[in-house]
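Undergrad: These are the residues of each chain, in order.
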Amino acid sequence: MEILKPAAAGTLESSDAMVTVEPNDEGAGIEFDLDSVVIHQFGHQIRKVVMETLERLDVKDVKISVVDKGALDCTIKARVECAVYRANDQKSNLPWGGAIR
Amino acid sequence: MNPNKKRLRRTMMFLNCQKPGLIKDPYIYKPDSIMLDLEDAVAEKEKDAARYSLYHALQEIDYRGVERVVRINGLDSEFWQEDIRAAVAGGADSIRIPKTESAEDVKMVEQAVRAAEEEFHIESGRTLIMAAIESAKGVMNCLDICEASERLFGIALSGGDYTKDLQTHITGTGVELMGARQHMIIAARAAGVQCFDTVYTDLDDMDGFRKDVETIHAMGFDGKSIINPRQISIVHDIYTPKEKDIIFAEKVVKEIDAKSALGIGVFTVDGKMIDIAFYDGAKRTIELAKASGVYKGDL
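Top to bottom, those sequences are chains A and B. Numbered per the working numbering, the first sequence spans residues 479 to 579. Numbered per the working numbering, the second sequence spans residues 77 to 375.
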C-alpha cells in the first residue's frame, strides 16, 4: 500500500501511542523513529510489532514515527493501521482478518 | 437458539473504544457485559480509529467470560455498516443498535450481521443483537422490535435521548421514565426477551443510584446500563437472591413437584398459600442464584 499523504492516529494519553506516517521516496524503505516511556524494556518489541504490521499492509516506503505511552501491542497495531489507511484515504470495505489482523 | 441469548446480564458497562486505557482490562471489575462504544462517546473524526482498536481488542484481549457487546453508530450515519463488519470479524458477542424505532431497523442490522458472518467465516447465528430504545416512537413500537429477529436478546432504554424526545429531562425521581419503563418491560416479557434500564449519570449520588436500581429490579428489568465500575457491586447486590429467598424458592419447587405427584394443587409453605403459579418464579430465583454463584443446593 502506498502512503499518499502524511497522516496520524492515536494520542499521547497513557496506554496509547501516537503514530505518524509520511510518504518516503520509492525504494527508500522504512524509516522508523521511536520515542517510548518503556523504550529500554519494550523498544525492540514495539519495533517488531510496527514492522510486522507494515509488512501485512504491504507498505514498503514510509517514514513512520511512534510516540508510545505504554500501549499494548494491539493498540500499536491499531494506531499504525489507522494512520496508514488514513494516508490512503480508505475508510470502508477494510480487510478485517486479512491485512488487518 | 444461541445459548447466550438468555445469559445473566445484570450490568452492562459502557466503555469508549476511542480510549485504549479503558478497553484493555475492564474485566477486572467483573461486570456481566461490557458495551464497547463506537457511537456517542467517540468523536466524529475518530470513528475509524475506534474501529481498529475495537477489532484488535476483540481479537487479542481475554475478557474472561465477560460478554462483549458493540454499540454501532446510528443507521442514519455513514459508519454503521463498517462498524458491523469490524465487530463481527473481531468476534463480538452482540451488536447494540442505537435509536431503534422499528422492526425494519432490526431486520436491516440482522441482514448486515448475517452477511458479515458469512464474509468472515463466523458461525452463523453466533452474533446476537440488542436494540436501544431512545424515542417515543421506539417505545410505541417495542413489541414489533422485540419480535423482529431470532437474534435479538433484549431491549434497553436510553433515557437521555428519550426524555429529550418527550420534551422533558432526567429529574432523578424516575417519573419521566415511568411510562417507557413499564411499556418496555411488558413488551419484552410478551416477546420473551430481556429488558435493560438506562444509565444513572450522577456518580456522586450513590443512594439515588441504589434506589433507582431497586425500582427497576422490582419492575422486572434484567439489568442496568452502567458508566462506572463503582456502580457494579450495588446492582449485583440487589440482583443476587438473598439466602431466605433461595431457601423459600427451593421449598416451593420441591413441594410443588411432590404435591402435584399426589394430585394436590394448593397447599402452604411457611404459612404462605402456594400453587402452580409460583413455580416459574421460584425456578427463576434458583437459576439467578446459580448464575450469581450463590446457590449451594441440589436443584
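Worth flagging that the hints you see were computed from the coordinates, not collected in a lab. It is possible that part of the hints are untrue.
What the hints assert, rightly or not - Away from chain A, derived, C-beta distances all over 12 Å, residues of chain B:
no., residue
1, Q94
2, L98
3, D116
4, K123
5, D124
6, A125
7, S129
8, L134
9, G166
10, E223
11, G248
12, H293
13, K330
14, Y371
What the hints assert, rightly or not - Below, simulated DSSO-like cross-link-like pairs (lysine-lysine); rule was C-alpha separation at most 27 Å, straight line:
no., chain 1, residue 1, chain 2, residue 2
15, A, K569, B, K335
16, B, K100, A, K526
17, B, K335, B, K318
18, A, K526, A, K538
Ideal placement from N, C-alpha and C gives every residue a C-beta, glycine not left out.
Undergrad: Would you mind marking each hint as holding or not holding in the structure?
TA: Checked hints:
no. : hint            : result
1   : Q94             : 9 Å, violated
2   : L98             : 9 Å, violated
3   : D116            : 19 Å, holds
4   : K123            : 9 Å, violated
5   : D124            : 6 Å, violated
6   : A125            : 5 Å, violated
7   : S129            : 5 Å, violated
8   : L134            : 9 Å, violated
9   : G166            : 7 Å, violated
10  : E223            : 31 Å, holds
11  : G248            : 32 Å, holds
12  : H293            : 35 Å, holds
13  : K330            : 50 Å, holds
14  : Y371            : 37 Å, holds
15  : A:K569 - B:K335 : 65 Å, violated
16  : B:K100 - A:K526 : 21 Å, holds
17  : B:K335 - B:K318 : 26 Å, holds
18  : A:K526 - A:K538 : 15 Å, holds
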